[in-house]
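Residue numbers (my numbering), protein chains in the order written: chain X, 1 to 270; chain P, 271 to 356.
If you're looking for bench data, these hints aren't it; they were derived computationally from the structure.
List time: in silico EDC-like cross-link candidates among lysine to aspartate or glutamate, alpha-carbon distance up to 16 Å: (1) X:Lys69 to P:Asp323; (2) P:Lys289 to P:Asp334; (3) P:Lys289 to P:Glu332; (4) X:Lys78 to P:Glu332; (5) X:Lys69 to X:Asp107; (6) P:Lys336 to P:Glu295; (7) X:Lys69 to X:Asp112; (8) X:Lys69 to P:Glu310; (9) P:Lys326 to P:Glu345; (10) X:Lys69 to P:Asp325; (11) X:Lys236 to X:Asp248; (12) P:Lys336 to P:Asp286; (13) X:Lys94 to X:Glu125; (14) X:Lys69 to P:Asp343; (15) P:Lys318 to P:Glu345.
Restraint ranges, calculated between C-beta atoms of paired labels, are given here: (16) P:Glu345 to X:Glu167: 41 to 47 Å; (17) X:Glu81 to P:Val307: 30 to 36 Å; (18) P:Glu311 to X:Thr98: 25 to 31 Å.
We treat Cβ as the ideally placed atom computed from N, Cα and C, and that holds for glycine.
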Amino acid sequence: MGTVLTVTSGKGGVGKTTSTAALGAALALGGQRVAVVDFDVGLRNLDLVLGAERRVVFDFINVVQGQAKLSQALIRDKRLENLYLLPASQTRDKDALTDDGVAFVIDSLREDFDWVICDSPAGIERGALLAMRHADVAIVVTNPEVSSVRDSDRIVGLLDARTLAAERGQTVEKHILITRYDPARAARGEMLSVEDVLEILSLPLIGIVPESPAVLRASNVGSPITLADPQSASAKAYMDAARRLRGDTVQMTVPTGKRGFFGNLFGRAA
Amino acid sequence: MFNFFKSKTSAPVARDRLKILLAHERAYLNKPDLIAVLREEILAVIRKHVPVDPDKVRVTAERDAKVSTLTVDIEIPMDLPTAAAA
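Work out the full structure: start from the sequences and follow the hints.
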């Protein structure tokens with residue numbers, strides 16, 4: 001039985017889809033069988049970040065409505081044979097995702113995969129609630145700024161109330177993933193520090209991903225950062241987070257940004 | 271030096287990918303799902319002659335700038351007497 005991991009945040013644009021792709025690839029690189037599921041019906045983007053957008057035939061809603069088998073809708077990654085994508089529908093309404101349909105798909109994936117990673121849409125509406133409903137583990141993606149932290153807190157409340165685990169009197173294992181962290185601005189006191197974020201949300205930290213042009217480059221070319229640029233600090237942060245998810249103890253790297261402008265510029269070519 | 275940088279930039283890749291994707295999405299949005307229609311009609315033709323197990327059908331697509339390909343891979347059992355009927 002695999003683990004269902006929901007990547008969520010409340011706020012949009014904080015890096016849920018990037019993180020889903022990066023963690024999915026990192027786990028698959030470690031030999032795990034991984035299915036990443038896009039819950040953003042009508043505004044899918046996980047296919048684009050994974051570079052599979054031209055190969056989508058069937059989607060989540062086709063499976064829920066019986067027009068396709070789950071195995072027919074899953075797209076295998078061209079680079080990692082252990083990584084599969086279940087795309088969201090781009091044309092349908094999110095109401096087409098029924099509770100029973102989602103339960104069937106997630107339960108089936110759980111049988112076949114070590115990890116089922118649910119990429120949540122932004123917001124706290126139906127799509128986000130469905131994405132978290134079956135979670136065993138949740139990663140709350142948070143940027144070190146006030147509105148993101150506030151929304152994360154709201155999502156944490158929902159994870160404790162509106163999930164199957166909560167209804168059974170259990171708790172979803174929750175982790176904070178800080179993304180778009182800018183060490184220089186944090187050092188100047190212009191950005192909430194890691195300690196601030198963790199103190200406010202009082203949850204364990206699973207990784208700190210520095211803001212980096214490498215992340216943008218990776219999504220431009222349709223490859224998870226952990227595959228596109230594995231030596232980048234961002235990719236290393238995701239690789240470490242994936243190991244922590246598997247239960248390894250890995251020392252936390254706090255991005256320092258010691259290399260200045262020129263270090264970053266020329267470090268790239270190496 | 272600038273050529274070196276140019277060849278390393280990823281934005282043109284992003285632009286090309288988006289152009290192809292959006293051309294397809296604009297063409298097919300709010301229209302019946304062409305792939306689903308083609309699949310059902312192709313299967314209906316085959317079913318006239320041989321029984322088809324829905325689990326043994328694999329549909330793949332590859333969308334490109336000028337042409338898209340749809341591959342429908344159907345496993346047809348050979349040990350069925352009906353197979354020779356046509």
